[in-house]
Structure formats: C-alpha cells, structure tokens
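First to last, the protein sequences are chains A and B. First residue of the first sequence? That's 1 in my numbering, and the numbers climb one at a time after it. First residue of the second sequence? That's 1 in my numbering, and the numbers climb one at a time after it.
Since the hints were made in silico from the structure, they are not lab data. These figures come from a predicted structure and were not determined experimentally. Careful: at least some of the hints might be erroneous.
Derived DSSO-like pairs: lysine-lysine, alpha-carbon spacing no greater than 30 angstroms straight-line [stated by the list, open to error]:
no. : chain 1 : residue 1 : chain 2 : residue 2
1   : A       : 262       : A       : 114
2   : A       : 262       : B       : 94
3   : B       : 130       : B       : 74
4   : B       : 130       : A       : 262
5   : A       : 262       : A       : 10
6   : B       : 119       : B       : 94
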Amino acid sequence: MARVASTRAKVGYTVAAWIVALVIFFPILYTIITSLKTEQEAIAGFNLIPSFTLSSFEAVQSQNNYWRPFTNSVILAVGSTLLALVVAIPAAWAMAFSPTKNTRGILMWMLSTKMMPAVAVLVPIYLIFLRTGLMDTRIGLTVMLMLINLPIVVWMLYTYFREIPGEILEAARMDGASLRDEILYVLTPMAVPGIASTMLLNVILAWNEAFWTIQLTTTNAAPLSAFIASFSSPQGLFWAKLSAASVMAIAPILIMGWFSQKQLVRGLTFGAVK
Amino acid sequence: MGRITLEAVTKRFGDVEVIPPLNLDIEDGEFVVFVGPSGCGKSTLLRLIAGLEDTSGGRILIDGRDATDTPPAKRGLAMVFQSYALYPHMSVRKNIAFPMRMAGVPQDEQDRRIASAAKALNLTDYLDRKPGQLSGGQRQRVAIGRAIVREPSAFLFDEPLSNLDAALRVGMRLEISELHNRLRTTMIYVTHDQVEAMTMADKIVVLRAGNIEQVGSPMELYRAPRNLFVAGFIGSPRMNLITGPEAGRHGAATIGIRPEHIRVSATEGAWQGRVGVSEHLGSDTFFYVEDTGLADTITVRAGGEIDLHHGDTVWLTPDMGHLHRFDVQGSRMA
Numbered sequence: 001m002a003r004v005a006s007t008r009a010k011v012g013y014t015v016a017a018w019i020v021a022l023v024i025f026f027p028i029l030y031t032i033i034t035s036l037k038t039e040q041e042a043i044a045g046f047n048l049i050p051s052f053t054l055s056s057f058e059a060v061q062s063q064n065n066y067w068r069p070f071t072n073s074v075i076l077a078v079g080s081t082l083l084a085l086v087v088a089i090p091a092a093w094a095m096a097f098s099p100t101k102n103t104r105g106i107l108m109w110m111l112s113t114k115m116m117p118a119v120a121v122l123v124p125i126y127l128i129f130l131r132t133g134l135m136d137t138r139i140g141l142t143v144m145l146m147l148i149n150l151p152i153v154v155w156m157l158y159t160y161f162r163e164i165p166g167e168i169l170e171a172a173r174m175d176g177a178s179l180r181d182e183i184l185y186v187l188t189p190m191a192v193p194g195i196a197s198t199m200l201l202n203v204i205l206a207w208n209e210a211f212w213t214i215q216l217t218t219t220n221a222a223p224l225s226a227f228i229a230s231f232s233s234p235q236g237l238f239w240a241k242l243s244a245a246s247v248m249a250i251a252p253i254l255i256m257g258w259f260s261q262k263q264l265v266r267g268l269t270f271g272a273v274k
Numbered sequence: 001m002g003r004i005t006l007e008a009v010t011k012r013f014g015d016v017e018v019i020p021p022l023n024l025d026i027e028d029g030e031f032v033v034f035v036g037p038s039g040c041g042k043s044t045l046l047r048l049i050a051g052l053e054d055t056s057g058g059r060i061l062i063d064g065r066d067a068t069d070t071p072p073a074k075r076g077l078a079m080v081f082q083s084y085a086l087y088p089h090m091s092v093r094k095n096i097a098f099p100m101r102m103a104g105v106p107q108d109e110q111d112r113r114i115a116s117a118a119k120a121l122n123l124t125d126y127l128d129r130k131p132g133q134l135s136g137g138q139r140q141r142v143a144i145g146r147a148i149v150r151e152p153s154a155f156l157f158d159e160p161l162s163n164l165d166a167a168l169r170v171g172m173r174l175e176i177s178e179l180h181n182r183l184r185t186t187m188i189y190v191t192h193d194q195v196e197a198m199t200m201a202d203k204i205v206v207l208r209a210g211n212i213e214q215v216g217s218p219m220e221l222y223r224a225p226r227n228l229f230v231a232g233f234i235g236s237p238r239m240n241l242i243t244g245p246e247a248g249r250h251g252a253a254t255i256g257i258r259p260e261h262i263r264v265s266a267t268e269g270a271w272q273g274r275v276g277v278s279e280h281l282g283s284d285t286f287f288y289v290e291d292t293g294l295a296d297t298i299t300v301r302a303g304g305e306i307d308l309h310h311g312d313t314v315w316l317t318p319d320m321g322h323l324h325r326f327d328v329q330g331s332r333m334a
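Modelling step: build the complete structure from the supplied sequences, incorporating the hints.
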C-alpha cells in the first residue's frame, strides 16, 4: 500500500521537485538571461525578459581572449584528473583488495585533509610556489588541483573497488586466469564504470575550482574561473559582461555534465545503490 | 581421474587453528559432502583443496601428485560458489566460455561444449543474456555450466543452494545428483544442511571445529553415529538424547533414540507423557511429548492419520533394536 503513491501525491511530489530544481537552477538561468541584456538593462533591476543582445559576449571576447583561459581550464581539469587517477587507482586498489589494520585510518586521514579550510595553508603554499617558480604555471596548478581532489578520488575508487565481490576474482582464479588475465578480463571491465564516473566528477571539481586558481595565477595559467573573477572589477559593475563571462566559463562543463548525467548520478551516489 | 588425499592438512589464521591436522581420502568419482554447523571449518577445508587458501601444514595430493603449492588455476578443479560469482559484464555464453578461453581451447570445441552444457542445463535460450537478467536458479546453472565445460578432475561446491528458495533447492539438489550420475566425476560439496548431505552424498564427512567427527555413508552415520555430536546432527528431526536413571538402566551415560523408532500408543507403553505441540505434515506427524521425566521433550514420528491432541496422555515405547548408547565422553558404546 505504502509503495503505491496516489495520483495526488505523485503530482505533489513532481511539483515540489520542480520547485526545488528551479530554485537550484535559477542563479544559472538568471546569469544566462543577464548575459543577453545590455548593461543598462542589467542594472535596471529584476527583469526576466532580456533584449537578446550578444554585445556582452563580443565585449568579453574582445577585451580578454576567451580561448586562452578555456585552454588552460581544459588542461588543468583533464591533466589534474589523469594525474589523480594515476596515483589513486593503485592506492585504492591496494586498500580495497589487500587491506591492513591501518587502511581505515589512512582513509580517514586522507578525508580529514578536506575538512581543513584551504586558506589555512595558503601562505605556505603561496611561498612554495613563489620560490620554486611554479607561480602562474600550468604544471604547478595541475599538481595543486590534483592534490586537493586526491582524497575524494581515492575514496570514490576505493568504494567502487570494494563493490567488486572477492568471490568473482576467486572464480576467475579457479577458471585458470593468471593475474594478468584476472586484471584484464575481469577486474578492469568491472571497474571501468567506477573509474569513468570518478573521472567525470573530478573534471567538474577541477573545472570549478576558484580559490587556488585565483590565488596562484595571474595571466599565463589562469583558467576560466579566474577569467570570470577578472570581470568583477572595482572600477564598476558590469553585470552583463560578468554574466557573459560566467556563461562562457560554465557552458562547456554544463554541456559535458548534461551528456554524462547517468554516470554522474552513479558517481555521486556511489556505494548507496547496488 | 579425481582422487584427492589430504595428509595432516592444517590451517591457522594467526594464532587460531581452524583446521587441526586432518587426514582424508576422497576416491575418484565419489560424491563427498562436508557437513557441520557454521564455523566448523568446512568451507575453509574446501578452499584449501581449491588452493584459494594456503595450508599451514600438511600435503594435498590430487591424483597422487603433490598439489599443496600449486596455484588454483593449475589444480584442474572447478568450483561453484555460494554467490554464483558470475562475471556480470559477460553474457551467459561468455561466462561459460571463460575457463576454456583461459585454457586456449579452440573456438569450435568451445562452441560444442557450450552447446552441450547449455542443453544439459536448460540454458540454451539464455546464452546471450547477462547474469543480471537471470533468476537465482538460472544463475546457479550457469555457474555449474562454467564448471562442467572445464572437464575438471573434481567439482567443488560451496553451499551452492543456500541462496535459493526451498522449492528451487529441491529441484537443484536433484539436478546436481543427476549430473553426478551422468559424469561420474568426483564432487566435494559443502553444506550445513544435513538433508542435502543425506540425500546427495556417497560419503559424508561430519566436521566440528575443524575436526572430522565421523566419515561414512549416509546410512552408516544414521545407523551408527560414532558420538553424541554426529547422533544429534544427522537425522531430521533430531535424535532424542536421554540422560539420567533411564540411561543408567541401559548401562550408558546417555541413550539416544530417533523419533521414528518410538512407538506411540494411547493406552500402554514404557514411558508416559503428555502431547505438547504436534506438527501434521500429511504423510507424517511429529509429536513433541512433554512431562515424560526423561528429557524436556521427546520427539516422536508417527503416521499422518493418527488422532492425538494437545494435552492427551500418551505412552511411548522405544524400539530396543535402534537404541544408541553413549558413554560419559559421548562416544558410542558397542
């Protein structure tokens, strides 16, 4: 009885879901609307109907070349993700398939680093970057983004690998598979969905990272998050241009996220659904 | 060929000895069942034979060759797991083909063996499905199919039916017995269910805390359990065990009498009691008789049509020819 919701309840839930979704999406929607306004319209007050002008986009592109930070964003997001996977896959693999009594502690310690506010280590890291010449370089920032997302990547992969039942690996061993065959034909195909969704989520996290990218770059390695920030200038508020820059920054990741929804949901609810 | 010999095989996990030195001979073509309560070491013993666990001491011989340090893949054994352990990303066909692919069996030979196994196991229509699209019973048959095509020298079954519902379990029990009759390959089967042990085995190995309590055919164990543990474990419902003066009268510390070896009468007999719970199965009725002064309850098996009710006074007469006598240590007396 309880499982079969009445039509009224269903309608109610649907309406509620739409309202929540709209509230969450509204800032992005209003950013898109504002980016299609003129500056005069933008500061005039709340208005949902823009004049559909692309002048702000043209201005943004002519003032600051969009493609340079875009390229940086792609390199940083993809680079830091690949680097994180190279480190995290063996780590998660070892912890999932041959755990020791310290495994739990190590995992908790890794996660605990995410509980510390980033600003707490800003000064030492800033100084390290300055002295080693990593300031405003792609390589420095790639490593930085890899390090800050590494705990999450290890955790996600660990949880994924843990879901692969040990008996299946034993069955492969009984079936005559060598360690190489076992990894190639049984483990990897079963782990690929997990690795893929971890990758997607990490690309998004790295793409949206703003704290470190703004602190550790000026022009050369600045990605799109720093590109947006450059439009909120103290000389004046250019809402339309700022919105246009934001739309240009989030559009690629929004499109990617849209097409990989299924994988992402699986990644976000990892361990929760069998 | 599938002759397996365990010589003083030991297994320790840290300081805990789960299998004390154990000797066992399994003849070629035998259906051997390891049975015992949970935690008795029966699955560990099977995994030692499979090579999935390393022995802490002793030797395992397969067809006379020392296989103690041989990896599982090279022992020529096939295993069916409790959880089926199918490869979820492969179709049924590929699951069954996997061991042959690993062994480098030619494609046409693979196809022939898959077709024959699928036919025998009623899987022909499901060959292109993924394990996730199959029922529990079908998954179990795929696991068996994967084992058959290897043409192993012995099959190892680790509680293969415990995830199935009761009706399916009876059906699969028959299928596995038929498979054994057809292939005549050695099978080692682990279960905690003594009914499975009794119905399927040529030879039952009763284990407790890693020790072999008794080895014998189902009827040997039923007729002459070597000690109280085996007496209580084999047979359903359990044997009635009586201590005290009544046992003393028979010159034993404990006497045992199976429910089917007690005659029940409303008018006369050796022991008097009162009917407690009765279970009517149609063909049989089980009475749990209380207030006999012998044990808490005495279980009696009677015909299906017998007319006795809760609270009725009954008389019980044990069949002296089937009375089991045990000494203070719990060992069977001659």
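Structure-based check of all given hints:
Between the alpha carbons of residue 262(A) and residue 114(A) the distance comes to roughly 26 angstroms, so the proposed pair stays at or under 30 angstroms and holds. Annotation: proposed proximity of residue 262(A) to residue 94(B) holds, straight-line Cα distance about 27 angstroms (limit 30 angstroms). For the proposed pair residue 130(B) and residue 74(B), the alpha carbon gap of about 28 angstroms is at most 30 angstroms, so the pair holds. Our distance criterion of 30 angstroms between C-alpha atoms is met by residue 130(B) and residue 262(A), whose separation comes to about 20 angstroms.
The straight-line distance between the Cα atoms of residue 262(A) and residue 10(A) is roughly 23 angstroms, inside the 30 angstroms bound, and the hint therefore holds. For a cut-off of 30 angstroms, the pair hint linking residue 119(B) to residue 94(B) stands: about 16 angstroms separates their Cα positions.
Consistency with the previously given hints is maintained throughout, with no hint failing.
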